[in-house]
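Chain by chain, the residues run as shown.
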Amino acid sequence: MALINYRKAINDALAEEIMRDENVFIIGEEVAEYNGAYKVTEGLWKRFGDKRLVDAPISEAGFIGLGVGASMLGLRPVIELMFWSFAFVAYDQIVNNAGCVRYMSGGLINCPIVIRGPANGGTNVGATHSHTPENILANVPGVKVVAPATAYDAKGLMKSAIRDNDPVFVMENTLLYGEQWEVPEEEYLIPLGSADVKREGTDISLIAHGRSVLIALAAADILAAEHNINAEVVDLRSIRPLDEDAIVQSVRKTHRAVLVDENKPFCGVSAQIASMLQEKAFDDLDAPIGRVNTLDAPAIYSPPVEKLQLPNAQRVVSKALTVCA
Amino acid sequence: MQSVADSPTSAAAEINRNLTAEQKIAFLRDMFRIRRFEQVALKCYNQGKMGGFLHLYIGQESVAVGTISLLGENDHVITAYRDHGHALAVGMSMNECMAELFGKATGCSKGKGGSMHFFAPDKNYWGGHGIVAGQTPLGLGLAYALKYKGLRGCCLCYMGDGAVNQGVFHESLNIASLWDIPVIYIIENNQYSMGTSLERSSAFKNSLSERAEGYNIAWDSFNGEDIYEIRAKTQIAVDRAHNESRPSVLEIATYRYYGHSVADANAKKYRSAQEIEDYKTNHDPLRIWQKTLIEEGVIDEATAHQLDLDAKHEADEAVKFAEESPFPTEADIFKDVYYEVDNETGSGKRGKHFFND
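As they're listed, the protein sequences go chains D and R. Numbers 4 to 328, taken from the working numbering, label the letters of the first sequence in order. Numbers 21 to 377, taken from the working numbering, label the letters of the second sequence in order.
Worth flagging that the hints you see were computed from the coordinates, not collected in a lab. Among the clues, some could well be false.
Said to hold, decoys possible - Straight-line distance between alpha carbons at most 35 Å, and here's what the computed DSBU-like set of lysine-lysine pairs gives:
#, chain 1, residue 1, chain 2, residue 2
1, R, LYS143, R, LYS44
2, R, LYS63, R, LYS289
3, R, LYS143, D, LYS42
4, R, LYS355, D, LYS267
5, R, LYS167, D, LYS49
6, R, LYS372, D, LYS42
7, D, LYS42, R, LYS169
8, D, LYS256, R, LYS372
9, D, LYS256, R, LYS369
10, R, LYS372, D, LYS322
11, D, LYS283, R, LYS372
12, R, LYS372, D, LYS267
13, D, LYS49, R, LYS169
14, R, LYS288, R, LYS300
15, R, LYS372, D, LYS201
16, R, LYS311, R, LYS63
17, R, LYS369, D, LYS267
18, D, LYS54, R, LYS143
19, D, LYS310, R, LYS372
20, D, LYS310, D, LYS256
21, D, LYS267, D, LYS322
22, R, LYS143, R, LYS300
23, R, LYS167, R, LYS225
24, R, LYS167, D, LYS54
25, R, LYS355, D, LYS283
26, D, LYS54, R, LYS169
27, D, LYS283, R, LYS369
28, R, LYS300, R, LYS340
29, R, LYS369, D, LYS201
Fair warning: this is a prediction, and the values are worked out from it, not measured in the lab.
Given only the sequences and the hints, what does the whole structure look like? Please build it.
Here's what the structure looks like:
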């Protein structure tokens with residue numbers, strides 16, 4: 004299988020869906036002639052032209068609202084946010100219009116949009132550009148949120164997101180764009196709402212989404228090599244809908260859980276998982292659930308210190324050792 | 021405000037010259053229907069039969085009826101929360117609208133939207149939106165989709181005068197002009213954004229629509245009490261959208277007789293009783309249109325009165341329909357959230373969508 008980076012995997016997904024469905028178009032800042040601020044849409048404008056790749060002015064509320072309106076008439080806009088942090092200026096369009104229009108119309112109107120872009124810290128761009136709003140958005144019934152950790156998952160989830168008839172928000176990661184994974188050449192889809200066990204284990208479940216999955220995998224290696232602990236790593240892939248069965252099944256096997264999550268701790272995705280586990284797997288747990296989140300303050304700029312603020316393998320190992328003690 | 025009812029130029033405009041007597045009478049009927057529907061709804065609201073807000077359109081009926089009368093197969097309509105008039109003007113039934121106000125399952129939105137959220141996509145009517153100016157980029161998007169699909173059409177996007185100061189409206193104007201989108205923004209200027217008068221809320225030189233100049237968008241500002249005037253002026257914008265795929269901003273002067281909503285406790289404090297009375301007496305769009313039709317010999321006093329009685333009867337019947345209709349069930353709370361769940365697709369059946377237990 005060919006090694007393809009996360010950025011190219013998304014690029015391929017977009018190209019394939021543009022070719023498959025004439026109603027799919029890409030809109031956002033610098034997505035066309037500039038080839039994408041993070042080069043995710045590189046080459047697509049040259050291939051598909053102005054109609055399918057649309058450079059928007061810096062007006063997130065305007066072009067996201069435009070996408071919602073266009074989707075009501077059957078188009079399938081894939082809207083790029085240069086950073087998910089910029090979603091806040093378009094929050095009314097995302098939550099009130101994309102999130103509520105089907106419900107408020109009694110099911111008469113659908114909103115098949117995708118909004119995608121990076122949502123991560125770790126690039127020393129300060130607090131305003133480092134938000135991870137998957138927990139905030141997943142709080143809105145009516146929308147769906149996915150967070151792929153690998154190139155393989157990014158491509159398969161993106162294609163499913165574009166074909167879905169509800170609004171789907173894809174949380175990417177600038178630190179992953181250049182990372183490579185094996186991606187098959189033949190077409191495949193990864194359904195929303197299905198988690199993936201990235202590493203089988205017996206002693207503790209490390210449950211994560213997005214780049215935190217890779218941190219959990221690194222921690223699992225250390226736990227095996229240095230502490231004789233065999234950790235299982237569960238990648239949520241999809242936040243809403245959520246594959247609760249996969250999470251509970253893993254914890255029933257290992258009886259211990261550490262949740263790794265780049266969200267801030269308060270009402271982060273891991274808080275939802277912890278609440279669910281205490282309700283559904285209470286008797287299976289041999290120890291309290293541990294959580295490793297981004298340290299609870301706005302993202303610090305200082306490059307070496309920001310590394311410490313984010314979840315990292317060492318913090319996961321420490322937490323796992325506490326839970327396994 | 022000067023009355024333009026006697027202005028001969030608008031009546032002589034081609035779009036009005038060709039109107040049949042039936043069409044002219046239909047405009048009067050539609051305006052009576054909006055007014056009677058809302059008067060009856062107000063009575064029911066005050067009797068505690070519905071919840072939430074009730075933003076009445078009474079006084080502004082000519083704007084919805086006049087502008088919507090110009091639309092064809094590929095022309096679309098979207099508005100804000102003062103949406104009953106537009107809903108009836110596009111052809112929605114009083115029954116489905118009244119039932120929605122009563123929160124019933126037979127309502128146009130199955131009791132899930134309420135007064136501010138009427139929808140009828142089959143009649144090219146896309147709501148009914150509660151957040152001020154939140155619909156302005158949606159209207160842009162509807163028109164964008166028409167252009168994308170190569171259809172000759174436009175979208176009328178209505179808004180109040182208070183909405184012109186929201187940022188997203190300006191983002192929408194910029195994009196509409198930049199990309200030649202056939203959207204027509206209609207500012208229904210009733211002179212008050214809730215309790216704040218135009219002078220106290222908006223900075224402008226001559227008119228609000230003149231702001232479009234900065235975006236290189238054609239604009240117009242005119243009186244909304246006369247249907248001929250509205251149709252003549254709006255048709256120019258519709259032609260511009262159809263023939264040149266260019267946007268327009270129209271500001272139509274009008275007036276609401278009631279408060280911002282029925283819950284507006286200060287409805288008679290931020291404006292004088294004389295001001296309201298002057299509009300009712302001298303600028304009422306129903307009276308003016310009825311007078312025009314009588315003078316033209318299209319209708320007589322008795323027939324006009326019968327139209328009014330019919331409208332009142334229809335509204336009373338709609339109340340009966342609403343009262344006899346069932347409420348949605350508790351299970352209905354979870355329907356119409358996700359397409360994929362409702363339709364039991366593979367995507368809808370995988371993973372947990374609702375987190376109640």
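Hint by hint, here is what the structure shows:
For the suggested pair R/LYS143 and R/LYS44, the alpha carbons sit about 21 Å apart, so the restraint of at most 35 Å is met. Our distance criterion of 35 Å between C-alpha atoms is met by R/LYS63 and R/LYS289, whose separation comes to about 22 Å. The straight-line distance between the Cα atoms of R/LYS143 and D/LYS42 is roughly 42 Å, outside the 35 Å bound, and the hint therefore fails. Taken as a hint, the R/LYS355 and D/LYS267 pair is honoured in the structure, with Cα atoms around 32 Å apart against an allowance of 35 Å.
For the hint linking R/LYS167 to D/LYS49, the alpha-carbon distance of about 22 Å falls within 35 Å, and the restraint holds. Restraint check for R/LYS372 and D/LYS42: satisfied, since their Cα atoms lie roughly 34 Å apart, inside the 35 Å limit. For the suggested pair D/LYS42 and R/LYS169, the alpha carbons sit about 28 Å apart, so the restraint of at most 35 Å is met. With a CA separation close to 21 Å, the supplied pair D/LYS256 and R/LYS372 stays within the 35 Å bound.
The straight-line distance between the Cα atoms of D/LYS256 and R/LYS369 is roughly 25 Å, inside the 35 Å bound, and the hint therefore holds. For the suggested pair R/LYS372 and D/LYS322, the alpha carbons sit about 28 Å apart, so the restraint of at most 35 Å is met. Distance check on the hinted pair: D/LYS283 and R/LYS372 sit about 14 Å apart at the alpha-carbon level, within 35 Å; holds. At most 35 Å may separate the alpha-carbon atoms for a hinted pair to count; R/LYS372 and D/LYS267 meet this at roughly 23 Å.
Only pairs whose Cα atoms come within 35 Å are accepted, and D/LYS49 paired with R/LYS169 is accepted, the gap being roughly 21 Å. Restraint check for R/LYS288 and R/LYS300: the C-alpha separation of about 14 Å stays at or below 35 Å, so the hint holds. For the hint pairing R/LYS372 with D/LYS201, the CA-to-CA distance comes to about 20 Å; that is within 35 Å, so the pair holds. The straight-line distance between the Cα atoms of R/LYS311 and R/LYS63 is roughly 28 Å, inside the 35 Å bound, and the hint therefore holds.
Under the criterion of a C-alpha separation no larger than 35 Å, the hint pairing R/LYS369 with D/LYS267 is consistent with the structure, at around 30 Å. Between D/LYS54 and R/LYS143, the direct Cα distance comes to roughly 28 Å. Compliance with the 35 Å bound is thereby established for this hinted pair. Our distance criterion of 35 Å between C-alpha atoms is met by D/LYS310 and R/LYS372, whose separation comes to about 33 Å. Pair hint D/LYS310 plus D/LYS256 holds up; C-alpha atoms about 32 Å apart against a cutoff of 35 Å.
Annotation: proposed proximity of D/LYS267 to D/LYS322 holds, straight-line Cα distance about 16 Å (limit 35 Å). Distance hint between R/LYS143 and R/LYS300 is fulfilled; the C-alpha atoms sit about 31 Å from each other, no more than 35 Å. Pair hint R/LYS167 plus R/LYS225 holds up; C-alpha atoms about 33 Å apart against a cutoff of 35 Å. Between R/LYS167 and D/LYS54, the direct Cα distance comes to roughly 10 Å. Compliance with the 35 Å bound is thereby established for this hinted pair.
Distance restraint check for R/LYS355 and D/LYS283: the Cα-Cα separation of roughly 25 Å lies within the 35 Å cut-off, and the hinted pair is therefore satisfied. In summary, the hint linking D/LYS54 to R/LYS169 is supported, as the alpha carbons are separated by about 11 Å, within the 35 Å threshold. For the proposed pair D/LYS283 and R/LYS369, the alpha carbon gap of about 20 Å is at most 35 Å, so the pair holds. A C-alpha spacing of about 30 Å is found between R/LYS300 and R/LYS340, which places the hinted pair at or below 35 Å, so the restraint holds.
The hinted pair formed by R/LYS369 and D/LYS201 meets the criterion: a straight-line CA distance of about 23 Å does not exceed 35 Å.
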